[in-house]
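**Q** Listed here are the chains, written in short residue letters.
Number of protein chains: 2
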Amino acid sequence: MDRIPILKMGDFLLVTIQVDMHDELALSLQEDLTARIARHASRGVLIDISSLEIVDSFIGRMLANIAAMSRVLDAQTVLTGMQPAVAITLVELGMSLPGIRTALNVERGMELLQEFMHRDTESEDNNGSEE
Amino acid sequence: MDRIPILKMGDFLLVTIQVDMHDELALSLQEDLTARIARHASRGVLIDISSLEIVDSFIGRMLANIAAMSRVLDAQTVLTGMQPAVAITLVELGMSLPGIRTALNVERGMELLQEFMHRDTESEDNNGSEE
Chain A
1 MDRIPILKMG
11 DFLLVTIQVD
21 MHDELALSLQ
31 EDLTARIARH
41 ASRGVLIDIS
51 SLEIVDSFIG
61 RMLANIAAMS
71 RVLDAQTVLT
81 GMQPAVAITL
91 VELGMSLPGI
101 RTALNVERGM
111 ELLQEFMHRD
121 TESEDNNGSE
131 E
Chain B
1001 MDRIPILKMG
1011 DFLLVTIQVD
1021 MHDELALSLQ
1031 EDLTARIARH
1041 ASRGVLIDIS
1051 SLEIVDSFIG
1061 RMLANIAAMS
1071 RVLDAQTVLT
1081 GMQPAVAITL
1091 VELGMSLPGI
1101 RTALNVERGM
1111 ELLQEFMHRD
1121 TESEDNNGSE
1131 E
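Line by line, the protein sequences give chains A and B. Residues in the first sequence are numbered from 1 upward in steps of one, following this note's numbering. Residues in the second sequence are numbered from 1001 upward in steps of one, following this note's numbering.
This is chain A alone, in the form it adopts within the complex (with noise of 0.2 Å):
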């Protein structure tokens, strides 16, 4: 397997994470994502990683990434579907992965995108009535 697969929703992207990491696949991804991006002006990425029962700090470091870089392209990133055990061993590494959000499963993900959207539309509409 070269690729992980990256869907388009609408206006975000869904990855689901079934496969251990590796380096490549991992530099793989990372470019692929952003340029999809990029492609369709996404507002918001969903990682699901419910299939995961590991989760290393170079999986953490990479999930990490993926959301700064997103967030420098105008993106949210929201991680779904962590297990419970998954939870435990990242905060035992010391990773509280800041700078992403989670939610319990894809749909409340997607739903937290929304709000995030709504939001950011409203500010707008507010910025522009002071004009």
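Some clues are possibly wrong.
[Said to hold, decoys possible] Looking from chain A toward chain B, a few residues come up when the C-beta cut is under 7 Å (computed):
no.	residue
1	R3
2	Q18
3	H22
4	V106
[To be verified] Using 16 Å as the maximum straight-line C-alpha spacing, the simulated EDC-like pairs for lysine to aspartate or glutamate come out as follows:
no.	chain 1	residue 1	chain 2	residue 2
5	B	K1008	B	D1032
6	B	K1008	A	E122
7	A	K8	B	D1032
8	A	K8	A	D23
9	A	K8	B	E1111
10	B	K1008	A	E107
11	A	K8	A	E107
12	B	K1008	B	E1107
[As the list claims (entries may be wrong)] One-sided excerpt, in silico: chain A residues whose CB lies under 8 Å from chain B:
no.	residue
13	I4
14	P5
15	L7
16	K8
17	M9
18	T16
19	D48
20	S50
21	T102
22	N105
23	E107
These are calculated hints, taken from the structure and not from any lab test. The structure presented is a predicted model; accordingly, all values stated were derived computationally and were not measured. Yeah, the Cβ is synthetic: ideal placement off N, Cα and C, and Gly gets one too.
With chain A fixed as given, assemble chain B onto it according to the hints.
**A** Below, chain B alone, put in the same frame as chain A:
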């Protein structure tokens, strides 16, 4: 990796196949998917195979089985993201995947499922008005 994740998106379920399938994984996917269709009363299943570069007769049969199982549970199956080379191989293998609808990507697959649901509702309405 033990299980392929199944993501609930509104009335539909989304499965992204990224890894090489083997007997056990295919069986657990069938079990999980039928259980989820029943639990959520889902009306549609989207199977994305955009990252598969090869679809052999084993996967072809598995997809056909999933579609048949979904159908008896009153859910439509749409296969999305098939690579051109895969389409060529499938036809050469003599597998035309009867009973499975296909769509270019997940977004179009969702539109297709929504059309089906809309049509179902309309025909139910018509039946209702005739009573």
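**Q** It remains to establish, for every hint, whether it holds in the given structure.
**A** Hint-by-hint comparison with the structure:
1. Hint status for R3/A relative to chain B: holds, with the closest Cβ pair at about 6 Å, below 7 Å.
2. Given hint, Q18/A at the interface with chain B, holds; its Cβ is 5 Å from that chain's nearest Cβ, closer than 7 Å.
3. For H22/A, the shortest C-beta to C-beta distance to chain B is roughly 14 Å, which exceeds 7 Å, and the interface hint is violated.
4. Checking V106/A against chain B by beta carbon gives a least distance of about 5 Å; that is within 7 Å, so the hint holds.
5. Simply put, K1008/B and D1032/B have alpha-carbon atoms about 12 Å apart, close enough for the 16 Å limit, and the pair holds.
6. In summary, the hint linking K1008/B to E122/A is not supported, as the alpha carbons are separated by about 29 Å, beyond the 16 Å threshold.
7. Between K8/A and D1032/B, the direct Cα distance comes to roughly 24 Å. Violation of the 16 Å bound is thereby established for this hinted pair.
8. Simply put, K8/A and D23/A have alpha-carbon atoms about 24 Å apart, too far for the 16 Å limit, and the pair is violated.
9. Distance hint between K8/A and E1111/B is fulfilled; the C-alpha atoms sit about 13 Å from each other, no more than 16 Å.
10. Distance restraint check for K1008/B and E107/A: the Cα-Cα separation of roughly 7 Å lies within the 16 Å cut-off, and the hinted pair is therefore satisfied.
11. For the suggested pair K8/A and E107/A, the alpha carbons sit about 15 Å apart, so the restraint of at most 16 Å is met.
12. Proximity of K1008/B to E1107/B is assessed by CA-CA distance (about 15 Å); at most 16 Å being required, the pair is judged to hold.
13. The closest approach between the C-beta of I4/A and any C-beta of chain B is roughly 7 Å, which is under the 8 Å cut-off, so the hint is satisfied.
14. Against a cut-off of 8 Å between C-beta atoms, the interface hint on P5/A holds, since the closest Cβ of chain B lies about 4 Å away.
15. Because the closest C-beta pair between L7/A and chain B is about 5 Å apart, less than 8 Å, the hint holds.
16. Hint on K8/A holds. Least Cβ distance to chain B is approximately 6 Å, under the 8 Å limit.
17. Annotation: M9/A was flagged as interfacial toward chain B, and the flag holds, the nearest CB pair being 6 Å apart, inside 8 Å.
18. Interface hint at T16/A: satisfied, since its Cβ lies 5 Å from the closest Cβ of chain B, which is below the 8 Å cut-off.
19. Evaluation of the D48/A hint against chain B yields a held restraint, the C-beta minimum of about 6 Å falling below 8 Å.
20. The beta carbon of S50/A comes within 5 Å of a beta carbon in chain B, closer than 8 Å, and the hint placing it at the interface holds.
21. About 15 Å separates the beta-carbon of T102/A from the nearest beta-carbon of chain B, more than 8 Å, and the hint is not met.
22. With 8 Å as the threshold, the beta carbon of N105/A comes within range of chain B, its nearest partner Cβ sitting at about 7 Å, so the hint holds.
23. The interface hint given for E107/A is met, as the beta carbon of that residue sits about 6 Å from the closest beta carbon of chain B, less than 8 Å.
Hint violations for this structure: numbers 3, 6, 7, 8 and 21, all remaining hints satisfied.
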